[in-house]
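Chain order of the listed sequences is Z and E.
Under our numbering, the residues of the first sequence are numbered 1 to 265, in order.
Under our numbering, the residues of the second sequence are numbered 1001 to 1163, in order.
One or more of the hints may lead you astray.
[Said to hold, decoys possible] Across the chosen pairs, the derived CB separations fall in these ranges:
#	chain 1	residue 1	chain 2	residue 2	range
1	E	Met1001	Z	Ile242	39 to 45 Å
2	Z	Ala230	E	Glu1129	31 to 37 Å
3	E	His1097	Z	Ser17	53 to 59 Å
4	Z	Thr136	E	Ala1002	27 to 33 Å
5	Z	Glu13	E	Glu1019	25 to 31 Å
6	Z	Asp143	E	Thr1035	37 to 43 Å
7	E	Ala1120	Z	Thr46	29 to 35 Å
8	Z	Ser141	E	Met1001	39 to 45 Å
9	E	Ser1015	Z	Ala20	28 to 34 Å
Derived by calculation from the structure, the hints in this document are not laboratory data.
Just so it is clear, the structure is predicted and the values come from calculations on it, not from any experiment.
C-beta: ideal position from N, C-alpha, C; glycine also.
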Amino acid sequence: MYAFDYHKPSSVEEAASLLASKEDATVVAGGQTLIPTLKHRLAQPTDLVDLSGVAELKGVKMDGDTLVIGAMTTHAEVAADATVRSAIPALADLADGIGDAQVRNCGTIGGSVSNNDPAADYPAALLALGATVVTTNRSISADDFFTGMFDTALEPGEIVTEIRLPKPARAAYAKFPNPASRYAIVGVMVAESGGQIRVAVTGAGQDGVFRATDIEQALSGAFSAEAAKAVKVSPETMSADIHASADYRAHLVSVMASRAVAACS
Amino acid sequence: MAVSVSLNVNGKSVSREVEPRTLLVEFLREELGLTGTHVGCDTSQCGACVVHVDGKSVKACTMLAAQANGTSVLTIEGLAPNPEDLHPMQAAFRDNHGLQCGFCTPGMIMSAVDLLQHNADPSEQEVREWLEGNICRCTGYHNIVKAVLDAAGRMRGQPQAAE
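Turn these sequences into a full structure, and let the hints guide you.
Structural data, given as structure tokens:
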């Protein structure tokens, strides 16, 4: 690791002002991606601003029919939270399948969505559920927030404060995990809200998380596992690596979508 | 610029000035000499470095010492009051031959103890899923899983020691 200075603010304002005043400061949330990145010397921030002391960024609540999760809420807390479990059980299940128990005890929803790893689970949930990402400056719909692999609409110095997820009529997530890392080789979240069906895919796309509009259309006709599985997904925009070829990922998108649909009903 | 780190480790208060980039596992091993917490992969995968921070298991290679400032840390050294009075999890690992080379054992035990804090009566499947973040290259996990199930039984049969 390159050397850096460390700060632990106790409010969002203090964190934002530290980010603005330091030469090249980075936020650390749970650190489960950032610390390995620093260890590999793939990043060289001058300052680390640790958000773990900001109490207002933690916790889960309902605001009418919208589930609100503070950015610094860990995956383990989301998985075990009774409010999440009752409002959007698919989200609790998704959180319970991220990484391993120790990663879930540290990693946070705000960190995960800000990082937008192309194989992370939460981006698929936010996109399928039509969530809103609230930051220090504004509210951004998930459709506009995820802009590409490891890329988001966040401006320098902007901090994610909470995630707002409207409660769906039904939703489920199905993941084909890498057996070692538990990252999604392909993960598909299917959600129905107000008669609209949204299907979001992580792990597969060259540009990160995306909506599978072909499958959405098929499911609008008939909400069945067979309908999802019958959609032939093009491998053209799929990523390929040592874990899975583009063809295999394209195939898995339909299969995971069909499993998610089956889990919905 | 050094940062001041004060925490409780295995029941004792410690304070040190450290570089901000010091990892918790380096702090434990090199500053405090607590070498029971191992560094295996140093990439958050193997779990040899698992310790408890405020009662929750974490990978000490993926946390800065500065992030643990103000917390209570429990390492394998703090699990049993003395070598003759092993924690039930340690005793179960010994009795079930839950280790061969022993390198992964401290992390396995700390992780398994955290599991039983959440789930006092886990199924074999739940034990295997929980230990996803702990890698053993000797045993094939069979006796580790047996040991954790055995320890769960022992701990249900006796008043649980406060951590």
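CB of Z/Asp143 to CB of E/Thr1035, is that within 37 to 43 Å? violated, 51 Å
Satisfaction of the hinted span 53 to 59 Å by the C-beta atoms belonging to E/His1097 and Z/Ser17: holds, 57 Å
When you take the CB atoms of Z/Thr136 and E/Ala1002, is the distance between them in 27 to 33 Å? holds, 30 Å
Is the gap between the beta carbons of E/Ala1120 and Z/Thr46 within 29 to 35 Å? violated, 47 Å
Using the beta carbons of Z/Glu13 and E/Glu1019, state whether their distance is inside 25 to 31 Å or not. At 28 Å between Cβs, range holds.
Z/Ala230 and E/Glu1129, beta-carbon distance inside 31 to 37 Å? holds, 32 Å
Could you tell me whether the CB distance from Z/Ser141 to E/Met1001 stays inside 39 to 45 Å? Since Z/Ser141 and E/Met1001 have Cβ atoms about 40 Å apart, the given range 39 to 45 Å holds.
Outcome for the supplied range 28 to 34 Å, where the beta carbon pair is E/Ser1015 and Z/Ala20: holds, 31 Å
Do the beta carbons of E/Met1001 and Z/Ile242 sit within 39 to 45 Å of each other? holds, 41 Å
Of the numbered hints given earlier, the model fails hints 6, 7; all others are met.
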